[in-house]
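As given, the protein sequences belong to chains X and B, one line each in that order.
Taking UniProt numbering, the leading residue of the first sequence gets 1, the next gets one more, and so forth.
Taking UniProt numbering, the leading residue of the second sequence gets 1, the next gets one more, and so forth.
Hints should not be assumed to be uniformly reliable.
[To be verified] Label pairs and their in silico Cβ distance ranges:
(1) B:Ala-14 with X:Asn-73: 37 to 45 Å
(2) B:Arg-42 with X:Gly-68: 35 to 43 Å
(3) X:Ala-63 with B:Phe-18: 15 to 23 Å
(4) X:Ser-65 with B:Gln-41: 38 to 46 Å
(5) B:Thr-13 with X:Asp-97: 30 to 38 Å
Source of the hints: derived by calculation from the structure; they are not laboratory data.
All C-beta atoms in this analysis are idealised placements derived from N, C-alpha and C, irrespective of residue type, glycine included.
Listed here are the chains, written in short residue letters.
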Amino acid sequence: MANNEGRNSWVNGAWNASDIASAQTHLAPFIDELRGQASSTAPGRTTHLIELQVAQLLGLERAESVLGEAMKNWYSSSEFSDGEKAILEIAEQFVLDVHSVTDEQFEKLRKYFSTPDILAMLFHIALCDGFGKLEKVA
Amino acid sequence: MSSTPRLDPVDPTARSVFGSILGHQPQLAKAFSTLYAEFWQRGALDHITKETTRLRNARITDCGY
Numbered sequence: 001m002a003n004n005e006g007r008n009s010w011v012n013g014a015w016n017a018s019d020i021a022s023a024q025t026h027l028a029p030f031i032d033e034l035r036g037q038a039s040s041t042a043p044g045r046t047t048h049l050i051e052l053q054v055a056q057l058l059g060l061e062r063a064e065s066v067l068g069e070a071m072k073n074w075y076s077s078s079e080f081s082d083g084e085k086a087i088l089e090i091a092e093q094f095v096l097d098v099h100s101v102t103d104e105q106f107e108k109l110r111k112y113f114s115t116p117d118i119l120a121m122l123f124h125i126a127l128c129d130g131f132g133k134l135e136k137v138a
Numbered sequence: 001m002s003s004t005p006r007l008d009p010v011d012p013t014a015r016s017v018f019g020s021i022l023g024h025q026p027q028l029a030k031a032f033s034t035l036y037a038e039f040w041q042r043g044a045l046d047h048i049t050k051e052t053t054r055l056r057n058a059r060i061t062d063c064g065y
């Protein structure tokens with residue numbers, strides 16, 4: 001596993017796709033645009049919650065925070081709404097084993113979010129997961 | 001995404017595939033398509049390598065597209 005000490009973190013808002021895409025610089029602006037679109041279209045604070053949870057699961061969280069502490073026990077925490085818990089549940093499964101996401105979990109998500117919102121959140125999860133894992137190994 | 005999409009396409013008469021689902025977020029779809037096109041058209045890797053990794057990734061993730 002790569003030593004990531006000292007690297008910028010997208011959880012702190014300092015991470016930039018250009019850091020990772022330096023060997024493929026022609027892709028960097030397009031990656032930034034896609035990540036920006038995904039993060040800006042996800043509803044409410046789900047953008048931040050998804051980033052925080054994926055970072056914790058991948059061991060990329062840099063800064064401690066009250067929300068970060070609550071996230072460690074998100075399932076029983078009163079800090080999060082039922083809708084937020086529904087997307088956190090999907091995000092956790094997505095990162096750890098994407099095959100284990102169930103129809104029941106997805107139906108729960110539908111109770112709280114529209115299809116466009118679900119699409120935006122899933123895209124954001126996928127991008128955080130993908131680039132987070134890339135940061136771990138690159 | 002599994003082989004059986006869980007989200008409906010933006011056009012109810014269309015088949016539910018990755019592209020038709022993306023229609024729910026046009027700006028996101030545009031950004032993704034632009035990046036994807038750039039990835040396939042340019043870069044250090046040859047097309048055989050890109051296609052091989054795409055196929056391998058699709059099998060691992062059970063992607064039906």
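Against the structure, the hints come out as follows:
For Ala-14 of chain B and Asn-73 of chain X, the Cβ-Cβ distance of about 42 Å falls inside the hinted range of 37 to 45 Å, so the restraint holds. Hint check: Arg-42 of chain B to Gly-68 of chain X, Cβ distance near 38 Å, so the stated range 35 to 43 Å holds. In this structure, Ala-63 of chain X and Phe-18 of chain B break the distance hint of 15 to 23 Å, their C-beta atoms being roughly 35 Å apart. For Ser-65 of chain X paired with Gln-41 of chain B, a C-beta distance near 41 Å keeps the hint of 38 to 46 Å intact.
Remark: the range hint 30 to 38 Å for Thr-13 of chain B to Asp-97 of chain X is upheld by a beta-carbon distance near 34 Å.
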